[in-house]
Amino acid sequence: MSLSGEMIAFILLSLVAIIGGILLINLTRVVHMVIALVFTFISVAGLYVLLSAEFLAAVQILIYSGAITIIMLFGIMLTRHNDTSEKTAGVWRKLLLIAGIAGFGLASYAGIYNLDIPVQETKLHEDNTRQIGMALYSDHMIPFELTSVLLLAALIGAIILAKKDDEKKEGEES
Amino acid sequence: MVEDLLASSPGLLNFGIFFLLATVLLLVILGFVTYAILAERKVMGFMQLRQGPNQVGGRWGLLQTVADVLKLLIKEDTIPKSADRPLFILAPVIAFAPAFMVVAVIPFTDKLQFADIGVGLLYYIAISGISTVGIVTGGWASNNKYALLGGMRAAAQMISYEIPLVMSVLGVILLAGSLNLNDIVDAQSSGWYILKQPIGFIIFLVASIAELNRTPFDLPEAESELVAGFHVEYSGFRWAFFMLSEYVYLFAMASLTTVLFLGGWGPLPFMDFIPGAVWFSLKFSLIVFLLIWVRVTLPRLRADQLMEFGWKVLLPVALANIFLTALLKELFNFM
Amino acid sequence: MDLLNSYQNNYLIVFVFLCLGILLPIVALFLGKLLRPHKPEEAKYTTYESGIEPFHDSRIQFNVRYYIFALMFVIFDVETVFLYPWAVAYDKLGIFALIEMLIFVIMLAIGLIYAWKKKVLRWM
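Chains as they are written, first to last, in our numbering: chain S, 971 to 1144; chain C, 15 to 349; chain Y, 65 to 188.
Worth flagging that the hints you see were computed from the coordinates, not collected in a lab.
Glycine included, C-beta positions come from ideal geometry on N, C-alpha and C.
It is possible that some hints are incorrect.
Pair by pair, the computed Cβ-Cβ distance ranges are [stated by the list, open to error]:
id, chain 1, residue 1, chain 2, residue 2, range
1, C, L44, Y, R100, 18 to 28 angstroms
2, C, V327, S, L1131, 20 to 30 angstroms
3, C, Q65, Y, E105, 53 to 63 angstroms
4, Y, A107, C, K85, 20 to 30 angstroms
5, C, P281, S, T1117, 53 to 63 angstroms
6, S, P1088, C, E344, 37 to 47 angstroms
7, Y, I163, C, Y49, 49 to 59 angstroms
8, S, I1126, C, S295, 26 to 36 angstroms
9, S, G991, C, V327, 36 to 46 angstroms
10, C, S299, S, G1081, 40 to 50 angstroms
11, S, L1131, C, L63, 51 to 61 angstroms
12, C, V327, S, Y1083, 33 to 43 angstroms
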């Protein structure tokens, strides 16, 4: 295993992603957690870049780091955002958890290490967006149209839920 | 030489060279910001029949902004006791770093460009969205009512106008058939997109002013309502970084408008003896002047008018523009 | 191979810009620390509220409409993500893709009209 630039980049990015994830779980204030999550999202985008999927990387940043984070922040502002979560787990439980995670990590490492994936020449970095467009709008047309139905359902569902909330509040006030 | 460097295997040496070049660009941008602020004050003064800065640095006030920056540098740095300290420190960095990162993909001339990536335009839009997070964080971390209100307003406005912004450039992408900013400039050699995409240009211009939080869309910083908005608790250089990122975005947005709609470094017909860099800076200055002009002319909108205008007017028009463009393209391809 | 190298180099430049964007605030604030005065005083560290003592918690609950706008933003953002590759590949796809996209956008336009009719788009 040689230490090429790509390898260093991969290690750095995955470290940031994992640290962001750990902070997300361990921080006590909700807003801090969201910011930790942003770092995880951005480093995942970096990993996509390493895999020559630049369109996906840009989408990851646009949708996750940008949009999803904002919706989470606004969701927090809607509630009591000074809340802090409390630690409950005892020492033994923590130790058990760490052992379990380490076991899972070892098992999946061994699994991936033994799995023989043939190396493919990719041409993904050449005109990535056009390739996605060609594939999406000729071969995968039906899933694409279904996505629009899903998005519509999400939008209408959210509006109905929020409106009901609003009316209840107005009723209480009057 | 640059082609060789780009074709070589990426390593530490490349990193060093890029780092030096990017530092030069950073200094150029800081210089631009310094004089853009002065130019803005001068033009505003001219339009309001007054002098503008004219004391520090000669009759034109050439050293006014330099003096302002030095003053900010030696101001005491206060972090309110009730503020959320780590986030308070982090927020200006989250707001500023994306502002500088977006400049990386902008082609100034056919030779002078930093990162020539395939998804250039989408990269710009995606990265600039992160600044919103920085602004909300700053507002929340200050633990101040005005700051939080300003931050939330800023975020609501920026997300509402991001949609028309990304939709308006789709016409340009349809015509150019690429997200790469170089290809978009090349595709305009036969005619600038401001002529082929007039509706798209107007939507883009309005949405970009809103994204920049400038008058008439400067509600997040409405002095008379919110004191100063999300950065009310910030002082000294931390505050300066919020301001800096705003002006770096002005630089980036004016450059992007030039690239997308005004043909980038491309010359007017029969005038190609003038080098591309001059053309670029001319068009760029024109856009910056236009933005200042709009700021001086128009009064601030009301919050509800602002939001409704974005969703009820700009978004439907932008959607219609996309299909109009696609249809026209289809028809002209057949004919 | 050259193309891959150039691709990676271009993203290396993006990374350089990220580093500089983070370094500049750090360096500037560090330099400022050497220059600026530091005279802590109780009153300086209080929260500003137009001259009076701050009352109540400043982290107020926001109206639900902020959340709805954020949600609509996410949905239309996802829509644009689909529109971008479509616009890039449109040359090769032709009239059929136009109809496909028309159906997709009409679906979301229904959502927008529904929100409009339900008076969700009103910022009041």
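ask   = Lying within 51 to 61 angstroms: is that true of the beta-carbon distance L1131 of chain S to L63 of chain C?
value = 55 angstroms, holds
Could one say that the CB atoms of Q65 of chain C and E105 of chain Y fall in the range 53 to 63 angstroms? About 38 angstroms separates the Cβ atoms of Q65 of chain C and E105 of chain Y, which means 53 to 63 angstroms is violated.
C-beta pair P1088 of chain S, E344 of chain C: status relative to the range 37 to 47 angstroms that was hinted:
Holds - the Cβ-Cβ distance for P1088 of chain S and E344 of chain C, about 42 angstroms, lies within 37 to 47 angstroms.
- Query: Given a hinted range of 33 to 43 angstroms, is it respected by the beta-carbon distance of V327 of chain C and Y1083 of chain S?
  - Reply: Between V327 of chain C and Y1083 of chain S, where Cβ atoms are some 57 angstroms apart, the hint is violated.
Original post:
Taking 20 to 30 angstroms as the hint, is the beta-carbon distance of V327 of chain C and L1131 of chain S inside that range?
Top reply: 27 angstroms Cβ-Cβ, so the 20 to 30 angstroms window holds.
- Within 40 to 50 angstroms or not, the Cβ separation of S299 of chain C and G1081 of chain S? With Cβ atoms ~60 angstroms apart, the hint is violated.
Between G991 of chain S and V327 of chain C, does the beta-carbon spacing fit 36 to 46 angstroms? 41 angstroms, holds
Does the Cβ-Cβ separation between I163 of chain Y and Y49 of chain C fall within 49 to 59 angstroms? Taking Cβ atoms as reference, I163 of chain Y and Y49 of chain C lie about 51 angstroms apart, which means the hint holds.
Open item on the list: Looking only at beta-carbon atoms, does the pair L44 of chain C, R100 of chain Y fall within the given range of 18 to 28 angstroms?
Closed with: 19 angstroms Cβ-Cβ, so the 18 to 28 angstroms window holds.
Looking only at beta-carbon atoms, does the pair A107 of chain Y, K85 of chain C fall within the given range of 20 to 30 angstroms? For A107 of chain Y and K85 of chain C the Cβ distance comes to about 22 angstroms; the hint holds.
Could you tell me whether the CB distance from P281 of chain C to T1117 of chain S stays inside 53 to 63 angstroms? Violated, at about 44 angstroms.
* With 26 to 36 angstroms as the target window, see if I1126 of chain S and S295 of chain C comply at their CB atoms. => 49 angstroms, violated
The structure shown violates the earlier hints numbered 3, 5, 8, 10 and 12.
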